[in-house]
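For chain A, the structure is supplied; the task is to place chain B on it using the hints.
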Amino acid sequence: VLGAGCTDPVPPGKFVGDPKLPPEVQMLFTDGVSLTQSPVADGTEIPMENPPQGGFVVYIGAAARNLDIYNILVAGTLRDPASGSELAFDARNSTMVVGSDGWARTAADVSNTANVNTCPDYFDKDRVGGEFILEMRVTDRARRTAMVSHRVKLICDPALNPFFTALCQCVCSANYTFDKCQNVGVDM
Amino acid sequence: MRSPLLALVFACGCTPPKPDVTDVHLAEPAPGTGFQLKVPAFSVPSGTEIQACYFFNIPGAAGSDVWVDHYEIAQTTGSHHMNIFRVTGAATNLKPNADGSPVVNGECFVSSNWSQWPLVVNSQQDDTTDWKLPDGVGARFKAGDLIMLQTHYVNATTQRTPATAKVLVNFDFPKTTPTNELSTLFATNQNIRVCPGESDKSFTKTCQFKAQGVHVIAANGHFHSRGTLFQMMPVDAQGVAGDVFYTSTVWDDPPMTRNIDVKLPDNGGVEWKCTFAAPTGSCGNPMDSCCFTFGGHVDTQEHCNAFVYYWGATLTAQDIACF
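Residue numbers (this note's numbering), protein chains in the order written: chain A, 1 to 188; chain B, 189 to 511.
None of these hints come from the bench; they were simulated from the model.
Result set (SDA-like, lysine to any residue): computed pairs, CA atoms no more than 20 Å apart in a straight line:
no., chain 1, residue 1, chain 2, residue 2
1, A, K180, B, L503
2, A, K14, B, S390
3, A, K180, B, S300
4, A, K153, A, S85
Pulled out of the complex, with its shape left as it was, chain A reads as follows (with noise of 0.2 Å):
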């Protein structure tokens, strides 16, 4: 490293936009299959999916500029309207792309937007059919940041089977215990 003249190991970054004004963010949110994203507004509902990791997540991602895309982080947060306390919060560096309308989006996969864990729900409150705060807030490595946050509703994802809709229908029911659901998809 010395012989090389102790080079800067961070790679050049990729501006999208213009650094003489703000960043700007819009959130997006994807079902985790189809490799598309859709835009999240007040009153959009989100669907709720089943994850590697189990339980049930939120797949929020982010159209941003002004800033640096190079290993862009976004953070995706999930908080009750009521107190504002969050219950769950997803952070990772993300690929972005860059659109012909010169917004730059997170590549539209699980592992590049935020995993927001929405459910089991262990609260009083249903998270299925519920109103929540999502927030996506994404800085870049200058810790240049944008934040935007809707009101939405969180529902199970009406493609989900049969298996895994009964699934988010129970483990997404307020007070959720580790028995409550065992015997879901199972014909008594």
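Positioned in the frame of chain A, the structure of chain B alone reads:
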């Protein structure tokens, strides 16, 4: 737990390597002062890794409280981890063999089997770890409780076992009944993915405690050779993170931070962040662009697991929102 890479570092005049620990001895507690769990020496053939699950019962008069305030753990070099869990809740595919032999690999490698079993204690360091809990704090068991000791030894590319695997663990009783019960959190971030050529790739999660007065007294983190930095910090109820209380930059001999007292904000929790770098040309899953995803196999998969020890609130898993 150490990598041969240490030898190269030493050649550069930096950190001297710890000598290999080829055998360990740990005196059993005197009668009435504790008990010892023994994993007899076994070999780990070159190019393999062995994960073995041993089951034990807490000794004593059935149903009586058994308190422990001091753990002593001894492991030979090559141990990737040693975790002890309480076997509770619904039955899983991981259960004691009728003949008392350990479950080796197979169901012992399936993390969902023990995902709901509370952690007792863990160690990722070879040689002897001696952990006396703070005064007045102890772990409470019932005599007859079933516990599972899981040991993972590696003798492969990124980690080696120069001699044999061997684990000894002492559970020592306190002189007086503790007033505060030790509790634990074992949290895993399973949707991680690091691909060759990527660096500074981080994944962060939080676990929120529905509790007040929680004091964190020890912690350690676990990842594999792509891991470059493991951090833990408290978060408040709004999700604002505080000062880092655990840092590890060593994947194969990660420190266990002890003798801390971090009071978590009321209804706050713990945030943990794993940062990775995968060298160009490395390969995890050839079916997934050679990326490294969650799993216990050291050479080809990654982990981002947090172990947190605390007192101040006796919580069930349902009181901690992680996943």
